[in-house]
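Asks: When you get a sec, could you build the whole thing from the sequences and use the hints?
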Amino acid sequence: MGNSQHELQPMYRTMYLIRRFEEEAARAYSLGKIGGFLHLYIGQEAVAVGAEAAIEKTDYVITSYRDHGVALARGSSARSVMSELFGKDTGLVRGLGGSMHLFDAEHRVLGGHAIVGGQLPLAAGVAFRARYMQERDVTLCFLGDGATNIGGFHEGLSLAGLWKLPVVFVCENNRYSMGTPLNRTTPLADLTLKAAGYGLASDRFDGHDVLTVRDRMRAAVERARDGGGPTLVEVLTYRFRGHSMSDPGKYRTAEELEDFKRTADPCALARKQLLTSGVAEELLSALEQEVETEVMDAVRFAEESAPASRSSLDAFVYAGSSGH
Amino acid sequence: MSEEMERDDRVFVIGEEVGYYQGAYKVTQGLLERFGERRVVDAPIAEAGFAGLAVGAAMVGLRPIVEFMTWNFSLVAFDQIVNNAAKMHQMSAGQLRVPVVFRGPNASARQVAAQHSHAVEPFYCNVPGLRVVYPSTPRDAKGLLKTAIRDDSPVVFLEGETLYGLQGDVPEPEADELIPFGSAKLVREGHHVTVVSFGRPMPMLTKLADELEREGISLELIDARSLRPLDTATIVASVKKTNRCVVVHEHWPYGGPGAEIVDCVQREAFDYLDAPILRASNLDVPMPYALELENEVIVGPERVRAALRQVLYLD
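Top to bottom, those sequences are chains A and B. The numbering used here applies: residue 1 is where the first sequence begins, and numbers increase by one. The numbering used here applies: residue 1001 is where the second sequence begins, and numbers increase by one.
Bear in mind the hints are in silico, worked out from the structure with no lab data behind them. Every residue, glycine too, gets a C-beta built ideally from N, C-alpha and C. Hints may be right or wrong, so weigh each one.
[Unchecked claim] Rough simulated footprint, nothing fancy, chain A against chain B, three-plus residues with beta-carbon under 8 Å:
| no. | region |
| --- | --- |
| 1 | 1117-1131 |
| 2 | 1256-1269 |
| 3 | 1286-1298 |
[Said to hold, decoys possible] Some chain A residues flagged as far from chain B (calculated, every beta-carbon gap over 12 Å):
| no. | residue |
| --- | --- |
| 4 | 56 |
| 5 | 92 |
| 6 | 151 |
Replies: Here it is in structure tokens:
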């Protein structure tokens, strides 16, 4: 077993965890146990997991509302994320945020943000702090292809480029902004062309193979860490589910979806690579069983947890004062 | 600002023209020479960008002061202030704090027409998670700004555009005088009627109170100065004494802190009122350019006098 295959195994485990976690979340949603919006990451797991493998625990990550995969990849527990989806007091943010607002300061997950593009200036600010304090942490900012037309994208890139901030913008191009294909929302097929105008480096690659994602992300992360400035990375990916649970998916053909599932399923690809490299089927089955237990435990934990507390309502509106 | 920057390295200033230009209104004059480019950051014209950047920096421990060249331009950063600054502490269930101060001149700068004359306090006062203050004297401005910079929640700090020329004593740096949020100031004692206001109309009201004194009408004048939280106790106690109340404000009359004060007084001092509570405000129209028309729109002593005569039943 090669060195990279040795590293692939835990990455496969995390991808499979995200996959099974979200399948169970979707089931709970259809049973009415999860409310509001639920934007699934299924099909895109290699992006969050590959990116996570390219950074340090001390780096920061910030993302959009499609945030379950990112939080789980960073190390947030399946229990705390599932409980949040269920709106329970044991959730990551005590039932105040739900699916779209996962925050985990311990793991340096700075949110789930639900106004498209709003997180890009925030990411520039997190990176601004590193420069201000002369520290070496890097900020990863995830966004969707649909975010590349809104002001926050342009102003975030503009400031990051101007001040050479240590941030990597990871545009997960899943080909549709909600139900509208990319060619109907932007005149460019290659979104990284938008980087040059703001003085950012760029990279663009297929995001179904988790090791490719890790290696290409590493280059951007190291550039940021070494003072080489920010990068806009476009990762070509595909979501196997709708934009959210309420999406009937009529804007794309069943053939297209099936084709991606057959040829570009990141979990299936990683599994196949592991088998090819000589990892035993039994070992993978055991690992998958372990994930199964973890996910079902998370669902049970969420179901049995106390509901969100009335006392949380006004406990976090104002922060008081520590600047004295 | 310089005193707070001196005592805390995490405090920095960011905005358009705050550094080399020395501030569009010279509020940041001398800061660049003293603290350098690291802490006095000239930003491009991108309010959503630099306001959002400040919020992000605050989320991880810095204490930014964002200068808007005027509050009118904050409207393109409204999403960052309302959706990000104000909500982050709550959305993260207390894991993150956003100690950021947004400051700049507010309300009409005289003859700059509709897009440059907003009194923005109603927009921001509506948002839980934000604090909103609007001082009217140099001393209050200094004491409230120090409190704002040391507070861990986002603060909207409104400076009356035409109050910048106002002179007055301020405490020496060693005094380190902080004025807490939520404390209104009794500016002048009187017994016929309570007048509550904040920000820019205050000097006009002080002058008017002198005139009315000579005419035999005694005003009790209160400067609310902190709009969120609002010191309702001081206002209500005064109205219970005078039994009449007029609220004066420059924002549009539909809602806002002016209406909030009226609501609070009618609830808490209803049995003490001898007349309906009236408001004297700017007219409910976008600001015109022509001086005669602008004078008509902005609340002035004549409109306040008319409201006072009404609540005193002098007409």
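Asks: Hint by hint, say whether it matches the structure.
Replies: Taking the hints in turn, this is what the structure says about them:
1. Chain A is given as covering the region 1117-1131 of chain B, and this holds because 3 residues of the stretch bring a CB closer than 8 Å to a CB of that chain, at least three being needed.
2. Coverage of the region 1256-1269 of chain B by chain A is violated [criterion: at least 3 residues with CB-CB distance below 8 Å; count 0].
3. Evaluation of the coverage hint for the region 1286-1298 of chain B: breached, as 0 residues show C-beta separations to chain A shorter than 8 Å, against a requirement of three.
4. Distance check on residue 56 (chain A): its Cβ is at least 15 Å (rounded) from any Cβ of chain B, clearing the 12 Å threshold; non-interface status holds.
5. A beta-carbon of chain B comes within 12 Å of the beta-carbon of residue 92 (chain A); the shortest separation is about 8 Å.
6. The non-interface label for residue 151 (chain A) is inconsistent with chain B: the shortest C-beta to C-beta separation is roughly 6 Å, within 12 Å.
Taken one by one, the earlier hints fail for this structure at numbers 2, 3, 5 and 6, listed in ascending order.
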